[in-house]
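Colleague: What follows is each chain in one-letter form.
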Amino acid sequence: MTTITLAENKEKTLKRKKRSWDRGLALFRALFLPVVALLAWEVLTRLEVLPSLLFSSPSLILSRTIELVSTGKLWEHMEISLFRALLGFLLGGGLGLAFGIIVGMNRKSEQYINPTFQMIRTIPLLAVTPLFILWFGFGELSKILLISLGSFFPLYMQAFLGVRNIDNKLFEVARIMEYTRLQQIVKLMIPSSLPNILLGIRLSLSVAWMCLVAAELLGADKGIGYMIQDARSFMQTDTVFVGIIIFALAGKLSDSFVRILEEKLLKWQDSFKA
Amino acid sequence: MDMETALEINQVSKTFNNDRGGVHVLDHLNLTVQEGEFVSVIGPSGCGKSTLLKLIAGLDSDFHGQIAVGDQEVHGPSIDRGFIFQEHRLFPWMTVEKNIAGNLSLRDSEVRSKVNHYILLVNLTGFEKAYPRQLSGGMSQRVAIARALLRNPKVLLLDEPFGALDAFTRAHLQEALHDIWEKNKTTMVLVTHDIDESVYLSSKVVVMDAKPGRIKAVVPIDLPYPRARTSRAFQEFRTVILEHLDHKPGEPDDFSI
Ligand SMILES: Nc1ncnc2c1ncn2[C@@H]1O[C@H](COP(=O)(O)OP(=O)(O)OP(=O)(O)O)[C@@H](O)[C@H]1O
Ligand SMILES: [Mg+2]
Chain A
1 MTTITLAENK
11 EKTLKRKKRS
21 WDRGLALFRA
31 LFLPVVALLA
41 WEVLTRLEVL
51 PSLLFSSPSL
61 ILSRTIELVS
71 TGKLWEHMEI
81 SLFRALLGFL
91 LGGGLGLAFG
101 IIVGMNRKSE
111 QYINPTFQMI
121 RTIPLLAVTP
131 LFILWFGFGE
141 LSKILLISLG
151 SFFPLYMQAF
161 LGVRNIDNKL
171 FEVARIMEYT
181 RLQQIVKLMI
191 PSSLPNILLG
201 IRLSLSVAWM
211 CLVAAELLGA
221 DKGIGYMIQD
231 ARSFMQTDTV
241 FVGIIIFALA
251 GKLSDSFVRI
261 LEEKLLKWQD
271 SFKA
Chain B
1001 MDMETALEIN
1011 QVSKTFNNDR
1021 GGVHVLDHLN
1031 LTVQEGEFVS
1041 VIGPSGCGKS
1051 TLLKLIAGLD
1061 SDFHGQIAVG
1071 DQEVHGPSID
1081 RGFIFQEHRL
1091 FPWMTVEKNI
1101 AGNLSLRDSE
1111 VRSKVNHYIL
1121 LVNLTGFEKA
1131 YPRQLSGGMS
1141 QRVAIARALL
1151 RNPKVLLLDE
1161 PFGALDAFTR
1171 AHLQEALHDI
1181 WEKNKTTMVL
1191 VTHDIDESVY
1201 LSSKVVVMDA
1211 KPGRIKAVVP
1221 IDLPYPRART
1231 SRAFQEFRTV
1241 ILEHLDHKPG
1251 EPDDFSI
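Protein chains in written order, with the numbering used here: chain A, 1 to 274; chain B, 1001 to 1257.
These aren't lab readings, by the way, just hints derived from the structure by calculation. Some hints here could point you the wrong way.
To be verified - To give an idea of the interface, some chain A residues facing chain B are shown, with a C-beta separation under 7 Å as derived from the structure:
no., residue
1, Phe171
2, Val173
3, Ile190
4, Pro191
No experiment lies behind these values; they were computed from the predicted model shown. Even glycine gets a Cβ: it sits at the ideal position worked out from N, Cα and C.
Please model the complete structure; the sequences and the hints are all you need to start from.
Modeller: In structure tokens form, the structure reads like this:
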């Protein structure tokens, strides 16, 4: 019996070793292309095959990042950008969620509201940006409103869909147990449509970042988008890259945040695999 | 002993309207259920049994005639009338204990102790924090039973509650339901396809006819509890009900599941 356990144990450790080796190999393969590309970029710009003025180089971008961080400039821009994106998202996303639930709950409000919203949704945001600047000026208001408008629709659509898909059988149960209207919303509609709502939050957040860039590129005196625009006019390509990387990271981070939220909140779902 | 009327169904008719006209489902139904009675309703598929339960529950108020529970006419759903459906209908995002508590707060110590009591009663201790997806069909149905009982209904309506379960679990839950009925004296209206089940549990069996749904016969089962399914008397009641269901000269037998 002991020999069997020993043999089993040995097999297990072997398996574990094999698995970690596999994982390491997968990581190596995933990083292979990016690392090669970075190296090539660095070498080509050093040899001036690619003009470094236009293409910068990884080492230049790194030193520029360090400089921007240590002088506190980067944070100055990031602070205002974060503020705009967050406020715009909260305003637009919150309204989208509320309207989505109301319109999903009530046929009459759907008939009154939904067609108009669907029409507005099809207008490209970049097309209304000049109007927003005309109406609300170059200040914070126009930017925040633009971001709100963008992040309104994904959450609106998903909340609406989520509420529409609730099983009518569960509503019958709630009615038999004498749930009040408020309890129906809080204890039935919202949890039941949570998968959709969380998806809506993810989509809204990514739209919020896009609108932020659009708003800041078109006219601002601060913010990451402005930093990019400003650096471009002085041919500081490395700063442009720093800005792009910041946006990429911000998008990725907010997305991961919602994913963690999903893991926590949707563990009741049968189909949910963390 | 002077018994009170728990449920009074008076000249109830129901028609579903669709594009191709109406489907006449229930036709002038009359039924009186005394307090503490256990009534089973049996009949061919589509004869309107589920429809009748929904009317009693107040989930559908588009019908003719009157339905009264106690001395209150039914106008909408109420916790007076518990409902156990064929599917458990638990809220998948809530744990077992939260499903049972529903819109009542578990932080309320009275609710807490009631929830614990019913979890014990339906034999689910240890599964308080489990989600419905982690339960078997029989366990889920027991949660649904606990959820209905916690609200202490005057009348408990059951629509083929054990129909989807295996024979073992079904027999076990029939036992449990019978115990609960003896203990709490809750009035029960059970819709079933299972003649054995109806004879085993009920004080009377209502046999329905289809197209349109009418009451064909009411068979009182005056057998003492506990009832032995293999006894002669039990088999005789079975036969009586079968004959009521079958007997329809000139028409094919449409009693099938
Ligand atoms: N919402 C509805 N709209 C239209 N017709 C309906 C509706 N619900 C039920 N019906 C019809 O009413 C009739 C009775 O349905 P019901 O579900 O009450 O039957 P049942 O006796 O419970 O049958 P089963 O034993 O199969 O459950 C059926 O012919 C059905 O087609
Ligand atoms: Mg039915």
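Colleague: Which earlier hints can't be squared with this structure?
Modeller: Result: hints 1 and 3 break, sorted rising.
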